[in-house]
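Following the hints, complete the assembly by docking chain B onto the known chain A.
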Amino acid sequence: MELSGAQILVDSLKREGVEYIFGVNGGAAMPIFDALYDENEVKLIPMRHEQGASHAADGYARATGKVGVALATSGPGATNLVTGIATAYMDSIPMVAITGQVFTDFIGSDAFQECDVIGVTRPICKHSYLIKDCEEVADVVAEAFHIASTGKQGPVIIDIAKDAQKNETLFQYPETVDIRSYKPQMHGDPAQIAKAATLIKEAKKPMLYAGGGVVLAEASEELRELTLKTQIPITVTLMGLGAFPETHPLAMEMPGMHGSCCANYAFTDADLIIAIGARFDDRVTGDLSKFAPNAKKIHIDIDASCIGKNVQVDVPIVGDAKNVLTELNKLVDTADIDPWRDQIQEWKQKYPFEYEQKGNKVMPQYVIEKIYEHYSDAIVVADVGQHQMWAAQYFKFTEPRKWLNSGGLGTMGFSLPAAIGAQLGCPDDTVVNINGDGSYIMTIQELVPAITMKLPLKIFIINNMYLGMVRQWQELFHNKRYSAVDYHDNPDFALLAQAFGATGLRVEHPEDVEPALLKAKGINDGPVVIDFIVDEEENVFPMVPAGKGLGDVIRGLS
Amino acid sequence: MDKEERHIFSVMVENRFGVLARVVSLFSGRGFNIDSLNVAETHDKSVSQITLVTHGNAQIIEQIYQHLNRLIDVIEVTDLSAGTHVEREIVLIKVATDDAQKRTEILQTAEVFRGRVIDMKPASIVLEVTGDEGKLEAAINIFSTYGILELARTGKIAMMRGATN
Numbered sequence: 001m002e003l004s005g006a007q008i009l010v011d012s013l014k015r016e017g018v019e020y021i022f023g024v025n026g027g028a029a030m031p032i033f034d035a036l037y038d039e040n041e042v043k044l045i046p047m048r049h050e051q052g053a054s055h056a057a058d059g060y061a062r063a064t065g066k067v068g069v070a071l072a073t074s075g076p077g078a079t080n081l082v083t084g085i086a087t088a089y090m091d092s093i094p095m096v097a098i099t100g101q102v103f104t105d106f107i108g109s110d111a112f113q114e115c116d117v118i119g120v121t122r123p124i125c126k127h128s129y130l131i132k133d134c135e136e137v138a139d140v141v142a143e144a145f146h147i148a149s150t151g152k153q154g155p156v157i158i159d160i161a162k163d164a165q166k167n168e169t170l171f172q173y174p175e176t177v178d179i180r181s182y183k184p185q186m187h188g189d190p191a192q193i194a195k196a197a198t199l200i201k202e203a204k205k206p207m208l209y210a211g212g213g214v215v216l217a218e219a220s221e222e223l224r225e226l227t228l229k230t231q232i233p234i235t236v237t238l239m240g241l242g243a244f245p246e247t248h249p250l251a252m253e254m255p256g257m258h259g260s261c262c263a264n265y266a267f268t269d270a271d272l273i274i275a276i277g278a279r280f281d282d283r284v285t286g287d288l289s290k291f292a293p294n295a296k297k298i299h300i301d302i303d304a305s306c307i308g309k310n311v312q313v314d315v316p317i318v319g320d321a322k323n324v325l326t327e328l329n330k331l332v333d334t335a336d337i338d339p340w341r342d343q344i345q346e347w348k349q350k351y352p353f354e355y356e357q358k359g360n361k362v363m364p365q366y367v368i369e370k371i372y373e374h375y376s377d378a379i380v381v382a383d384v385g386q387h388q389m390w391a392a393q394y395f396k397f398t399e400p401r402k403w404l405n406s407g408g409l410g411t412m413g414f415s416l417p418a419a420i421g422a423q424l425g426c427p428d429d430t431v432v433n434i435n436g437d438g439s440y441i442m443t444i445q446e447l448v449p450a451i452t453m454k455l456p457l458k459i460f461i462i463n464n465m466y467l468g469m470v471r472q473w474q475e476l477f478h479n480k481r482y483s484a485v486d487y488h489d490n491p492d493f494a495l496l497a498q499a500f501g502a503t504g505l506r507v508e509h510p511e512d513v514e515p516a517l518l519k520a521k522g523i524n525d526g527p528v529v530i531d532f533i534v535d536e537e538e539n540v541f542p543m544v545p546a547g548k549g550l551g552d553v554i555r556g557l558s
Numbered sequence: 001m002d003k004e005e006r007h008i009f010s011v012m013v014e015n016r017f018g019v020l021a022r023v024v025s026l027f028s029g030r031g032f033n034i035d036s037l038n039v040a041e042t043h044d045k046s047v048s049q050i051t052l053v054t055h056g057n058a059q060i061i062e063q064i065y066q067h068l069n070r071l072i073d074v075i076e077v078t079d080l081s082a083g084t085h086v087e088r089e090i091v092l093i094k095v096a097t098d099d100a101q102k103r104t105e106i107l108q109t110a111e112v113f114r115g116r117v118i119d120m121k122p123a124s125i126v127l128e129v130t131g132d133e134g135k136l137e138a139a140i141n142i143f144s145t146y147g148i149l150e151l152a153r154t155g156k157i158a159m160m161r162g163a164t165n
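Residue numbers (the numbering used here), protein chains in the order written: chain A, 1 to 558; chain B, 1 to 165.
Accuracy of the hints is not assured; some may be wrong.
Said to hold, decoys possible - Straight-line alpha carbon distances no greater than 20 Å define the calculated EDC-like cross-link-like pairs of lysine to aspartate or glutamate that follow: (1) Lys-132/A with Asp-105/A; (2) Lys-290/A with Asp-2/B; (3) Lys-309/A with Glu-150/B; (4) Lys-229/A with Asp-338/A.
For the record, the hints were derived by calculation from the structure and aren't laboratory data.
Just chain B, with the same shape it has in the complex:
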């Protein structure tokens, strides 16, 4: 009962002004946690998808689910952690490269993570790495040994495997 679990919610909402504020203030108002948050339009312009990572015990997770559902502008809530799903996140990492040898090493390491170079300057490289949480954490760990100058993450996006409605 008291075991904390990480859950990913996919929240389909009306693509209207103020909807995100309603979702977020629900979390702050009731003391729920948001670990990561991603919002964007879907293929249907009238619908936005919020992908929200949170944690809590089973009772809290149930409350989060029910309270999200209670918001008028929420069309559908899916607890993706309840089934098999795929999840991805993009991280941009700016790594310091003060000499050529270090740069070569960084580029090789990036390859291991299927990372892409999206900018290169004499003293720094910006890499893009895509993956699930484990992969990104591993990449960030390794690159931090070279010195990370800046880092930005998109927050997770996720969907159920297989055909859904």
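Next comes chain A alone, as it looks inside the complex:
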């Protein structure tokens, strides 16, 4: 029997095991939405804005490791997806974004709601397809899922013309995908791995530096084995938090701009850095000319173009982190580095993350500490800004895929829709959304589908009435000229939550923090929003100012 291109698309998604599609309907995608209307296997989740759809697909992918799927119409629908696609691209999140396109005959004519989506998304996706013929649909979907989920993962765009959605043909799904021009290198070169093992053996001050790639490669177990076997101190980046338990004595916590002094001093002093699925990002390295001046570098990455991009590497190993670590673990032993370990412990004890209680203010760090106390097993979805850094610092992650945030692109507005995706993907987990007052209002409309679906999201707003991270920079580097960061005119988020139909609470005193968190625990028939009114001008420390070396870390203002 012949099926429409739209039906073939939906059937193909089923073959890929897709559970949810996050979308917003519109003219050029109507046949696809129509095919989803009485579909039970692939559930359509209507979002309120296409950006929300792409972040929700992304959050689903981050929490589950499976490919997230977003769907939008042509033109503005597609351009609204763009921020979410770029977010996923920067953090290598497997996603397939489907956009409707105008009729083939209209393409290029500046038709109503026409946009060259392939052109717009070219630099922010792993690959993209324009389908003009319904015959191509099944093959393209199979290829798109294969590309999105293998090698260095990332978003793939499928732009499908409306006539290709409507025209009919036979459905035949390819059993296998073989793309001659796409063969990711999954196994590391044994000679290079042996070289790495030798460097590890010879090092006196080695450190492990693990990033989001470890989480993406499901290599946390292997990373733990390497760390425990060698007893080498480890720092895990913002993107990798949970890949190694932050509570372990060898954990130096997060490195970089707002990372631990211990990790940053260790970089500066180390004689060997073993980077695994981390990319020497500028927020980690600070001034490159001062970064790890004495260290040899081993860099394990699935993406050859990532190696040598920012720093010179002595032993490059291209391959999947899980495979490479499995091989490396066979060659290593306990490192004989007691003085170095003692040094690390000294830094750790001397420079923990700390803050001062100001009067009777609710300190943002205190709120995070209490969230950690009561929700230590939760999936935490953070937004971008000061609250994100405090959450990364004060919440101690011990498992991968429990900490979701937009680390690469730093997209404000990411977290609420991403939390929706995470909750749907992991229905048995508690999902905590730690948000800021600036970021929350950027995608606040997604509270609606969360309420409709009765998702028990815990939405905790760290509200300092400012675009806090920018305000911090203005305080430190722009003579306190608070240009366009004053958010005192925001609405009362607790009342607003109630107006949406969720539970909304407001906390203004330290003694009310815990009772509110406990109350939120008991509300599971829908989202609960707690607006924590915190100290307005608290800063994130430690801080390595932009352009400075990691050794120049500012521990605090006093």
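For chain B alone, kept in the frame of chain A given last:
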């Protein structure tokens, strides 16, 4: 490390719409340079060859190589400058010839460069010269003394010497 080098990349790509745009936007997006570019089908209709001349220090050249390889539609990237290779480019030069004597001189000069006359009008000649970069530069230099009215180059094409896969 910082020494700039000229490199010729041969990039075999799927002969599909949009592939060239992906290659070119990679260069513009990451701030790499394209000095010349040539694209055409190969003997296998499903494959196109892009010959691309670029320059940069060793680290940039390595990045260009890796990023080209990362594109899904790229089948194979070869840095031809890394081995012995042959390269050719065609230039069409329209030279002003206002009198017979000048025309004779131009034709003689063309012969030195094994250039061919492909069009002749009372006031101009179109010459075709084929060669590597040095030869073409020399030819262009000489003909510019007669007055070049128009000039078009194909961009380089190149391949490795000897049998390859």
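Results for each hint:
no.	hint	result
1	Lys-132/A with Asp-105/A	holds (10 Å)
2	Lys-290/A with Asp-2/B	holds (18 Å)
3	Lys-309/A with Glu-150/B	violated (41 Å)
4	Lys-229/A with Asp-338/A	holds (14 Å)
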